[in-house]
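Visitor: Sequence:
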Amino acid sequence: MKIEMLINSKYSEPKGLIRKAFAPALLLAFVCLLITPSQGSESNKIKLKPEKSAMTELDLKIWNDPEFKERFAESYMAESEVEPRVTKSEREVIMEIMDLISDDKMNKAAEMLKDEITEASSAVFDFTLANIHFQNEELEKAIKPYKNAVEKFPRFRRAWKNLALIHFRMKNHKKAAEAFTKYLELGGKDSISFGLLGFCYSSMGKSVSAESAYRMAILLDPETLDWKMGLARSFFRQERFGAAAALCGKLIENNPGRPDLWLLQANAYIGQNKPLEAAEVFEFVDHLGESTADTLNMLGDIYVNEKLYDMAAKSYARAMKKNPDENLERAIYSAKVLSARAAMDETKQLIKEIQKLYADKMKDKTKKELLKIQARIAVAEGEGKQEVEVLKKIVELDPLDGEALILLGQNSARNGNDEQAIFYFERAAKIEGFEADAKLRHGQLLVRNGQYKKALPLLKRAQTLQPQENVQKYLEQVERIAKQR
1 MKIEMLINSK YSEPKGLIRK AFAPALLLAF VCLLITPSQG SESNKIKLKP
51 EKSAMTELDL KIWNDPEFKE RFAESYMAES EVEPRVTKSE REVIMEIMDL
101 ISDDKMNKAA EMLKDEITEA SSAVFDFTLA NIHFQNEELE KAIKPYKNAV
151 EKFPRFRRAW KNLALIHFRM KNHKKAAEAF TKYLELGGKD SISFGLLGFC
201 YSSMGKSVSA ESAYRMAILL DPETLDWKMG LARSFFRQER FGAAAALCGK
251 LIENNPGRPD LWLLQANAYI GQNKPLEAAE VFEFVDHLGE STADTLNMLG
301 DIYVNEKLYD MAAKSYARAM KKNPDENLER AIYSAKVLSA RAAMDETKQL
351 IKEIQKLYAD KMKDKTKKEL LKIQARIAVA EGEGKQEVEV LKKIVELDPL
401 DGEALILLGQ NSARNGNDEQ AIFYFERAAK IEGFEADAKL RHGQLLVRNG
451 QYKKALPLLK RAQTLQPQEN VQKYLEQVER IAKQR
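If you're matching positions, the sequence shown starts at 1 in UniProt numbering and goes up one per residue.
It should be emphasised that the hints constitute simulated quantities derived from the structure, not laboratory data. Among the hints, a few may not be true.
[Unchecked claim] DSS-like cross-link-like pairs, simulated, lysine-lysine; straight-line CA separation at most 30 Å:
{"id": "1", "residue 1": "K307", "residue 2": "K321"}
{"id": "2", "residue 1": "K171", "residue 2": "K206"}
{"id": "3", "residue 1": "K356", "residue 2": "K307"}
{"id": "4", "residue 1": "K336", "residue 2": "K367"}
[Said to hold, decoys possible] Per label pair, the in silico range of CB-to-CB distance:
{"id": "5", "residue 1": "N107", "residue 2": "G257", "range": "41 to 47 Å"}
{"id": "6", "residue 1": "M106", "residue 2": "P324", "range": "43 to 49 Å"}
{"id": "7", "residue 1": "M106", "residue 2": "K361", "range": "49 to 55 Å"}
{"id": "8", "residue 1": "N323", "residue 2": "L139", "range": "30 to 36 Å"}
{"id": "9", "residue 1": "L400", "residue 2": "K483", "range": "17 to 23 Å"}
{"id": "10", "residue 1": "K430", "residue 2": "D310", "range": "39 to 45 Å"}
{"id": "11", "residue 1": "K356", "residue 2": "K274", "range": "46 to 52 Å"}
{"id": "12", "residue 1": "G450", "residue 2": "K361", "range": "48 to 54 Å"}
{"id": "13", "residue 1": "Y333", "residue 2": "R414", "range": "55 to 61 Å"}
Positions of the beta carbon are idealized from the N, C-alpha and C atoms, including for glycine.
With these hints in hand, go ahead and build the complete structure from the sequences.
Guide: Here it is, written out as structure tokens:
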């Protein structure tokens with residue numbers, strides 16, 4: 001039985017970097033509004049020639065697209081025109097607002113701005129009001145004035161950036177990506193915007209775009225680890241596990257104490273079908289004291305697949321102790337996994353740990369699951385009496401447990417107590433979902449006793465409820481023998 005390994009790729013948002021992006025004082029921002037923007041430099045463009053099989057320029061519909069025409073018209077404007085202009089009177093108002101902000105009278109500055117904002121007023125007023133809300137952590141209130149600012153002046157680059165940061169802080173990654181993209185189209189080129197855009201694309205499942213954004217962030221800022229980890233995760237989500245593992249290895253050399261890097265590398269090894277390398281990394285993370293229930297359960301799964309059952313049981317036991325309130329169900333599953341692999345000693349060891357840790361917390365349903373595992377162990381080890389005792393406990397907990405009743409019937413039949421076996425089979429047949437199996441077992445018992453004609457109705461009913469090719473062949477054989485008798 002192959003165990004599915006869940007690869008955990010959680011990644012927390014680099015919140016501190018958002019504050020870094022918003023760190024410059026508002027006062028400096030206002031001064032920038034009063035300075036004539038500097039001339040932008042025109043970037044060199046490479047002329048791309050379409051291949052012969054590609055569409056020709058005349059085939060492209062973009063030439064008639066309204067958005068293209070609008071963008072082309074904007075090309076007549078200087079690239080430096082990414083800040084709205086202000087009139088002389090608006091400039092005087094801004095100076096008053098600057099004084100209020102420098103005196104830390106934010107609320108009064110906000111009220112003054114609200115009085116000045118009209119449909120015809122400069123986008124600078126809306127932007128400034130939004131900035132005040134942003135600085136006061138009033139994120140919802142900041143959205144509308146930022147939107148108003150970019151509607152009044154669509155090329156307002158700083159407004160697009162701050163709107164993107166707001167959406168990012170509010171975990172609206174789709175809208176954040178749209179705003180970051182607009183900011184970058186207008187000439188923005190800082191590493192934080194590229195990095196956060198990469199995070200947005202990653203959360204949206206656009207791993208290739210995320211990779212491109214993270215690469216740009218690293219190009220501008222090769223020191224920030226977040227962007228490199230984002231790039232590694234983008235490799236991972238593209239199933240480029242070799243590239244992810246290699247990059248993690250390089251990052252670990254400089255950051256050996258970062259468990260998230262080790263875990264990402266371990267998951268990459270799993271993706272490469274290198275389970276033992278992954279196990280080695282998981283063990284090291286546990287040595288660092290940074291393992292979780294998920295990583296230890298995954299480690300146990302690896303050991304099971306490698307038939308290292310003793311180590312698997314120990315890993316499972318450590319996992320359930322990490323967070324006992326949430327790991328009981330997974331611990332039961334782990335015990336089933338070990339018993340299915342016939343690792344009976346290790347299963348009993350894990351069951352003891354489960355009973356010790358959850359003695360007073362298990363509900364009847366959970367107790368019944370454990371008892372069924374113990375019953376299977378008893379059968380495998382030839383402990384018939386112990387099997388019966390366990391099964392009877394199950395029936396006491398749940399008289400309608402058809403599986404336990406059928407197992408009791410089979411045990412009675414093996415021990416020659418046919419009357420008791422039939423009693424259990426008939427009880428099980430009355431329970432929904434177990435009639436077919438119960439009647440099949442009942443019929444097989446009668447056939448063994450030579451009661452072929454009496455067995456036929458039971459076998460036919462079982463086959464009608466749950467058709468199976470092997471049962472059909474068995475039924476035909478019984479019918480032939482019955483006709484000869």
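Visitor: If any of the earlier hints don't hold here, list their numbers in rising order.
Guide: Numbers 9, 11, 13 - these are the hints that the structure violates, sorted from lowest upward.
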